[in-house]
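Protein sequences, first through last, are from chains A and B. For the first sequence, numbering that gives the first Met the number 0 begins at 0 and goes up steadily by one. For the second sequence, numbering that gives the first Met the number 0 begins at 0 and goes up steadily by one.
These are calculated hints, taken from the structure and not from any lab test. Hints are not guaranteed to be accurate.
Below, in silico cross-link-like pairs of lysine-lysine (PhoX-like), each with a Cα-Cα straight-line distance of 25 Å or less [what the hints assert, rightly or not]:
1) A:Lys107 <-> B:Lys35
2) A:Lys107 <-> B:Lys235
3) A:Lys115 <-> B:Lys40
Since we're looking at a predicted model, the values are computed, not measured.
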Amino acid sequence: MRNTVIEIRDLYKSFGDLHVLKGIDLDLYDGENLVVLGKSGTGKSVLIKIICGLIKADKGKVNVLGYDLNNITKAELNALRLEVGFCFQHSALYDSMTIQENIEFPLKYALKNLSKMEMDKKVDRVLEAVGLEQTKKQYPAELSGGQKKRIGIARTIVVNPKILLYDEPTAGLDPITCVEINDLINQVKAEFKASSIIITHDLTCAKQTGDRVSVLLDGVFEKTGNFAEVFNSEASSQIKQFHDYNFIDNKNF
Amino acid sequence: MLKKPPGKRENFISEKIDRQLLDFKSGVDFVILFFKEFSFKTLVWSEFVHQCYQIGLKSLGLISLTGFVTGLVFTQQSRPSLLDFGAESWLPSLVSIAIVRALAALVTAIIAAGKVGSNIGAELGSMRVTEQIDAMEVSAVRPFNFLVITRVLACTISIPILSFYTAAVALAGSFINVYVNEQTNLRAFLFDAFDSITFLDLGSSLIKAILFGFTIGMVSCYSGYNASKGTIGVGKAANTSVVRSIFLIFIIEIFVVQVTNSFR
Chain A
0 MRNTVIEIRD LYKSFGDLHV LKGIDLDLYD GENLVVLGKS GTGKSVLIKI
50 ICGLIKADKG KVNVLGYDLN NITKAELNAL RLEVGFCFQH SALYDSMTIQ
100 ENIEFPLKYA LKNLSKMEMD KKVDRVLEAV GLEQTKKQYP AELSGGQKKR
150 IGIARTIVVN PKILLYDEPT AGLDPITCVE INDLINQVKA EFKASSIIIT
200 HDLTCAKQTG DRVSVLLDGV FEKTGNFAEV FNSEASSQIK QFHDYNFIDN
250 KNF
Chain B
0 MLKKPPGKRE NFISEKIDRQ LLDFKSGVDF VILFFKEFSF KTLVWSEFVH
50 QCYQIGLKSL GLISLTGFVT GLVFTQQSRP SLLDFGAESW LPSLVSIAIV
100 RALAALVTAI IAAGKVGSNI GAELGSMRVT EQIDAMEVSA VRPFNFLVIT
150 RVLACTISIP ILSFYTAAVA LAGSFINVYV NEQTNLRAFL FDAFDSITFL
200 DLGSSLIKAI LFGFTIGMVS CYSGYNASKG TIGVGKAANT SVVRSIFLIF
250 IIEIFVVQVT NSFR
C-alpha cells in the first residue's frame, strides 16, 4: 500500500460571504504528481496555501507528513515548511538579491548549519538541474518569465523537500516554455523523489505532469482519476466544457 | 421591517472611524509583536548591518546638505534680530541651543521619514503584493524577524547618530556664516556654542532622536508589511509611511519638549 503524505478531510474555507472550499477530501501519495484543475477563482491556490500553513482552514482535517495543521506549534510548522516546498505563480523571487542569494536564502536562514562550500555545492546542483548555471550573479529583473519560474523551482528544491506545491507553474508562459516547465516538473519528480500537487488550469500541463488529476468545481472535487478517466465521454458538461475550451485550437485548426 | 442579513455587523461608530480604530489597534499589536519577537539571539545580524548601511550611510549626503544649509540660513536669519539689541555676540549660543535642542533631531527625522520611510514602505509593500513575504514564510524564515526587526532596529540606532552628525554639520554651516560676517575664530565660536549647551539638552535630544528613529522604522514597516491591493497598495504604503511618521514626529517633539522643560 502507498504511503499518504497529505490527507485532507472535509475542508472548508470562506472569505466573508464567499465560500471557496466546501468540503474537500484529498489524498496525496508518496512519489506521485497530483494535478488540481479548475477555473480561476475556484480556490485551487487557497487549497495549497492551507497545506503549507499560509492560510488557516475554517473547518476540516489537514494532515501533512504526520503533522495535524489544526494543532501545530510554530516550531513544528517551521520544521514542516522545510519539508514542503512552494513554487509561487509569479515566482516571488527576492528582487534585491542575486539568483545565488535567492537560492541560498532558505539554506542560510532556515537550515543555518551549512558551510559556505556546502551551500555553493547545493546551489550549483539545483541551478544545473534547472539548466540556468549562468544566471548565478544576475538579478531577477534580468531574467525572462520562464527563467524566473525555473529559479523559483530551484529555490524550492534546494532544501530537498518531500512535497512540492506548484501554483500555476505554466501561467503566462509561451507554449514552448510551458512544455519545458512541464518537463522540468517531471525531471524534479524523478531526481528529487518528491510528491507534488500542481495547481493549474492548463490541460497540457495536467496531461504531461499528472499521475492523477482532480477537477475542482464550485468548491468541491467533481472528479479524480488519471487524465483519460477524468476526461472520458461520461464526464459532466462542466468538465467537458473545460476540456473543449482548453483544446479549442486543436478543434478548429 | 427589514431584517438585518445574518453575519453582518453594524458599525460601532461609522465605517470610516471603525476602520481607523481597527487600523490603530493592529498598529499597536504590531508594536507589541516587535517587543515579543525581538531578541539579540535571533537577530539577523547581516541584514541589520545591511540596513544600517542603507539607512545611515546612504542618507549622509542629503543629511549633510540639509544640516549645513539649516545652520547657515538660521544664523543668517537670526542676525538682524540680535543686531537690533546689539547682541550679535550671542549668535553662536543661540544657534547651538536651537540646533541641539530641536533642529538637528527634527530636521534629520523629517528627512529620514521622507527618504528612509518611503523606501521601507514601498520595499516591504512590493514584497507583500508580489508574495515575496509569503515566500520567506514558506521557506521557514520568519519574515517579521528578517524584515521588520532589522529595519526598526537599524532606524532606531542610525537616526540618533545622524542627528548628532546633522548638529555638527549645522554648526559648521553656522560657523562659516559667523566667520565671514563677524570674523570670529573657530575656538571662540565653539566655546560660545558649547558653553550654553547642557547635558539635559544633549540627553533630551538623544531620547527624541531614538524615539523618532523607532517611530519611522515601526510606521514604515507596518505600512509596507500590511500593504494590499497590488501596485496601488505599494504607493499607499510609501505615502502612509511618510505622512504618519511626520505626524508622529511632531507629536513626540511636543511631548518630549514638555517633559524636558519640566526639568529645567
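Do the hints match the structure? See the list:
1. Restraint check: the Cα-Cα separation between A:Lys107 and B:Lys35 comes to about 24 Å, which is no more than 25 Å; the hinted pair holds.
2. Proposed proximity of A:Lys107 and B:Lys235 is contradicted: the alpha carbons are some 32 Å apart, above 25 Å.
3. Restraint check for A:Lys115 and B:Lys40: satisfied, since their Cα atoms lie roughly 21 Å apart, inside the 25 Å limit.
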